[in-house]
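**Student:** Chains as they are written, first to last, in this note's numbering: chain A, 1487 to 1858; chain B, 3 to 280.
No wet-lab data here; the hints were simulated from the structure. Ideal Cβ positions, reconstructed from N, Cα and C, are used throughout, including at glycine. Treat each hint with caution, since some may be false.
[To be verified] Only part of the chain A face toward chain B is listed, based on derived beta-carbon distances under 7 Å: (1) PRO1577; (2) PHE1592; (3) ARG1858.
So the chains spell out like this:
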Amino acid sequence: MTTPVTPAETRAVAVPPAASSAVSLRGLTKEFGGTRVVDRIDLDVAAGEFFSLLGPSGCGKTTTLRMIAGFNDPTSGTVLVGGEDVTSTPPHKRDVNTVFQSYALFEHLDVRGNVGFGLRRKGVDRSTIDQRVSEMLELVELGPRAKDRPAQLSGGQRQRVALARALINRPKVLLLDEPLAALDLKLRRAMQVELKTIQREVGITFLFVTHDQDEALSMSDRVAIMNDGVIEQCGTPEDVYENPTSVFAASFIGTSNLMQGTYAGGEVRVAPGLAVPVPGLTGSAEGDRLSVAIRPEKIWMSDFAPSMVQVPGTIVSTSYHGATTQYLVSVATGITLTVLEQNLPRMRADDRWAPGDRVRIGWHPEHAVVLR
Amino acid sequence: MARTRRLERKPVLAVVVTVVFFAWLYLPILAVALFSLNDTKSLASFSGFSLRWYDTLIHDSALIDSLWASIKIATVATLASLVLGTTLALGLERVRSRRGRVIGAVTLLPLVTPEIVTGVAALLLFTGVGLKLSLSTVTLAEITFSIAYVTVIVRGRLGSMSPEVEEAARDLGCTPWQALRLVTLPALFPALLGSGLLVFALVFDDFVLAFFTTGVDPQPLPVRIYSSIRFGISPAINAVGTLMLLVSGLLIVAALLLPRLFNRKTSSLDLITGGERR
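Here chain A stands alone, though its shape is the one from the complex (with noise of 0.2 Å):
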């Protein structure tokens, strides 16, 4: 296991929470019988940004999600919401609402009663609690719903309700632990869009923790990518996607061609007979292995620019995928890359290529991307 590089914003340990961060937090740790479920990790989200936490299930994403609620106690480490150290503050006192993942609403109450239960808690007025939660359905298009119980409403429909209830509270931060996984897929994409939508209208802080990166790139002004407890990186998708700093991260975000090989001579040397160049690279020596990784989209099969790297291949096979195909290339011994090509529309089928054919492959030297 390679120790992944602490992005900066994570690295320091003692840096003052910014005045402007919704959540901020320091060292936080969570340990089960033993086990390090999370661990010291900082983080800061700032007012009014959407922030996912991308991990797969088991590497301490929704923990540390509880532990901003209040649900869990921090082995160690503080949780600040709005700049206030909130880390013994029982839940029912944070600022912080949550949409569950089971959405969890209240069978025995109807969509209203469900909707306006944090304001009734909170002493709010009737007419005021009425006028709040008929624009919160109307937010959420559920106004011809509200008298309907749970048990009456569709997936999408309950999914809705508990954001309704949560973010009619206006708290400092929404957190919300896998909302959309129980929906069928295209209800997924179309709750995406619409959450998206009314993070943009409310300008609540959203704090998203998905184990679906499509989801996280798509929705989020910033991503933290986790494992085994700890940000791995930091930072916004565009710049998770193309410059990945870790092995994981290249991995785990869309696929990736990874090759291990000795850096010598500004050049990552995989296999003999292939070399990948890494210009301007600093802070390696002479001899030292590293990993490199290209991304299956910036590898070309036509139409190459001089200042690209080129080197000769065989198909090995292809699939196709509708709006794009996806070629394995081998290039030397060893090393098999996948390579997707756009199914761009002046192409037909005899001109795409076929296993066993020599082509060339070609790549920008800026999209090989070194990890550590």
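Starting from the structure of chain A, add chain B where the hints point.
**Tutor:** Relative to chain A, chain B alone:
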């Protein structure tokens, strides 16, 4: 195709068996109800309609005392076992350790222990600690016996409830106590109603435990009926039996209808019979 054709024939045997079964089951009960309205003492021939045995019953103060005693025992036992059983179920749901599972299994023991063993044990305990046998000792024994039923039914309901529901309540501003009162208990309502009615019905006509733990006067109704039968059967007993039947019937109707009044999809009977469960 072959299957549907076979079903098109009338299942004569099945119909006969069903009719005989129901006759065997309900005719004796119908007979009790019928002869409670007989105007003679005969249990063999029905000679005319009268309410004289109900009149006799009303004036039989010992029998009325016993009826009240049984109602009181059942009411107290129901309320007490609901409180204790629900508390136990809530506790057991939270203790997910191995120790919790062992305790959970132990609470089920009263369900499978022969009642006569429970009865004798209770009797030995009460006499051993020098408690005078009375309606209180019966009530104590019945509560002990009933907790398991409440715990089993309430745990079933709790188990089908996501723990996130209670967390959602806390997230929305409830203290733990408020979350219990405003969210958990309302969600448990069908289970509480169902197990309450079940315990009431079980305790109200329980004979074995009552027989071992009761004092002399007044005795619980089933014990009373048993001792009076030894001196010859009075049709007043039929009247009591018919009244008990009516009460049980009303309880069942209540169990079916009450949840509907609260616009719930599950009735508590579904819950007892293991029907619809979400």
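**Student:** Now, for every hint given, state plainly whether the structure supports it.
**Tutor:** Quick rundown of the hints versus the structure:
no. : hint    : verdict
1   : PRO1577 : holds, 4 Å
2   : PHE1592 : holds, 6 Å
3   : ARG1858 : violated, 39 Å
Going through the hint list in order, the structure does not satisfy hint 3, though it satisfies all others.
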